[in-house]
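Listed here are the chains, written in short residue letters.
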Amino acid sequence: MELDEALALCESGMALGLGGATMRRKPMTLVRGLADTDIGDLDIWTWLGSTDVDLLVGAGKVASLNTAYVGFGAFGLAQTSRRSFVDGSVEFVDWSESSLVGAFRAGASGLPFATTRALLGTDLAEGLAVEIEVPFGDARAMATPAARPDVAMIHAQSADEFGNVRRRSPRHNDDIDHVIAASAKKVIVSVEEIDSHADIVANRDETVIPGHYVDAVVHAPQGAFPTGCDGYYHPDIDHFRLYAEASGSEEGIEGYLDRFVRGATPDRFRSMAAEEAR
Amino acid sequence: MSEATTSELMALALADRLRDGEIGFIGVGSSGRAHELVTGIPIMAAKVAQHRGVDFELQIGPLIAPDLDRVPSGWFDNDIYKWDSPALVDSDVNMDGFLRGEVSVGFISGAQIDRHGNVNVSRIKGSGGWKRLGGALALPEHCAFAGRAVLLADLNPRIFVEEVDFVTGFGHRRGDLTRDQLGLPGGGPALVVTDKAVFDFEGGEMRLAGLYPGVTAEEVEAEMSFVPARAEGLGEVPAPSAEEIELLRALTLPALPY
Chain A
196 MELDEALALC ESGMALGLGG ATMRRKPMTL VRGLADTDIG DLDIWTWLGS TDVDLLVGAG
256 KVASLNTAYV GFGAFGLAQT SRRSFVDGSV EFVDWSESSL VGAFRAGASG LPFATTRALL
316 GTDLAEGLAV EIEVPFGDAR AMATPAARPD VAMIHAQSAD EFGNVRRRSP RHNDDIDHVI
376 AASAKKVIVS VEEIDSHADI VANRDETVIP GHYVDAVVHA PQGAFPTGCD GYYHPDIDHF
436 RLYAEASGSE EGIEGYLDRF VRGATPDRFR SMAAEEAR
Chain B
266 MSEATTSELM ALALADRLRD GEIGFIGVGS SGRAHELVTG IPIMAAKVAQ HRGVDFELQI
326 GPLIAPDLDR VPSGWFDNDI YKWDSPALVD SDVNMDGFLR GEVSVGFISG AQIDRHGNVN
386 VSRIKGSGGW KRLGGALALP EHCAFAGRAV LLADLNPRIF VEEVDFVTGF GHRRGDLTRD
446 QLGLPGGGPA LVVTDKAVFD FEGGEMRLAG LYPGVTAEEV EAEMSFVPAR AEGLGEVPAP
506 SAEEIELLRA LTLPALPY
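One line per chain: the protein sequences are A and B, in this order.
For the first sequence, the positions run 196 to 473 when this note's numbering is used.
For the second sequence, the positions run 266 to 523 when this note's numbering is used.
Hints in this document: simulated from the structure, not taken from any laboratory.
Please note: incorrect hints may appear among the correct ones.
[Unchecked claim] According to the in silico footprint, chain A covers these stretches of chain B (three or more CB under 8 Å from chain A): (1) 295-302; (2) 342-353; (3) 397-404; (4) 433-439.
A quick note: this is a predicted structure, and the numbers were derived from the prediction, not measured.
Quick reminder that beta carbons are idealized off the backbone N, C-alpha and C, glycines included.
Work out the full structure, taking the sequences as your base and the hints as a guide.
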């Protein structure tokens with residue numbers, strides 16, 4: 196499916212789940228495409244965010260953000276997001292890693308809320324979690340909302356045209372893409388490679404997200420760039436440096452969006468980014 | 266053999282406190298000194314403990330029990346997952362283990378750490394209002410569920426504060442609220458390893474427990490915004506042997522790629 200057709204599943208005001216974790220397998224071709232539409236006012240849900248979240252914030256697309264982290268690891272803090280926190284333009288809902296996993300799982304199970312003990316006594320609980328009466332035993336626990344994204348965007352190594360997503364070795368499993376996909380009402384997957392259906396059938400034990408969960412498949416080589424994709428490419432150090440520098444100011448991020456996002460097709464983006472890295 | 270560096274002293278002080286049958290959890294993805302504190306030093310300490318015959322295993326994110334004799338060539342994921350290990354679990358499964366109490370020791374740091382072991386990595390109150398840091402990650406889980414949490418940080422009055430601005434991870438006490446009242450299953454912060462001294466917790470409060478060779482208690486207190494209690498018979502931690510320094514230096518950890 197073409198990128199535009201897949202993005203037609205999105206609309207303003209929706210809850211958007213983003214897969215990957217920090218510097219790995221972020222659905223960046225999809226995110227850049229979305230950032231270049233009129234769609235906005237998004238409620239973002241991602242386990243551990245980085246340039247995916249920061250870029251959408253910079254493009255003015257984000258109303259609220261649910262995450263356990265947004266930053267660039269070794270490249271520092273996410274400055275666009277930090278500015279939006281200070282000026283109040285984005286509502287931040289800070290989770291811990293396990294409580295957010297729990298929220299996605301509750302969504303995936305059709306449950307109205309999740310339970311957690313990780314937030315007890317912390318300031319993260321304020322506005323997020325409420326203590327509940329535990330009907331069995333005497334442990335204390337809190338309830339949080341379930342995560343139920345209207346659309347989830349996932350970048351994967353490969354899938355067939357029906358959206359059967361394959362987990363290829365070597366793969367670093369430090370993410371919850373399979374849970375995020377299951378929690379969402381609609382799922383858009385971008386992939387490095389399209390597998391034949393016969394190949395998927397012959398290797399069905401490697402299918403991690405079944406095709407009937409998936410509404411759109413976009414062939415997007417380098418689709419996680421500048422984050423990495425296990426077995427394909429590392430995070431792009433040069434581009435992360437460039438982004439970290441640009442996102443240090445309003446003007447900088449505007450300039451970045453003008454150059455790399457607005458009007459940039461995936462192919463054009465890759466050639467520009469490669470040019471920039473030289 | 267030159268004298269031990271600060272990080273080597275920290276690793277050896279930590280190694281002394283790792284026990285048989287324990288699993289220690291470290292995260293990845295930080296940079297510079299933070300990376301050394303929460304990743305490099307615990308790996309070095311685990312290596313020393315294993316060399317001493319202690320049955321101590323590490324877990325690095327979802328990578329369980331990597332072979333510390335065969336460290337990877339780099340810190341990108343694509344390098345780390347080449348690290349020989351018997352298991353690489355999904356993150357949701359990994360979190361389950363944490364919540365269930367599978368993690369014996371959690372290695373963490375903080376932008377602020379207070380007298381009662383509460384830790385802040387979320388946001389700092391400045392003169393112009395709140396400033397955001399990266400986010401909680403699994404810090405609340407380390408504090409709530411690990412058998413014990415080990416804090417690693419360089420002494421600094423802005424880090425070691427009387428009371429944190431924001432509680433990301435619950436220590437031992439906050440006002441009148443205690444771990445027991447909350448029913449937190451883990452042990453909470455048990456040890457603080459710094460660049461000048463080691464602290465433990467007594468009655469839920471941080472206590473100066475050992476000084477590195479040549480450091481005085483007054484020098485330590487000058488780098489803190491509160492004055493901790495001192496352990497009875499407070500003295501220097503033993504100077505490391507030449508053999509252990511050599512072992513640490515033979516463990517060539519990969520450099521960060523950036």
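Open item on the list: Run through the hints listed earlier and report the numbers of any the structure violates, in increasing order.
Closed with: none
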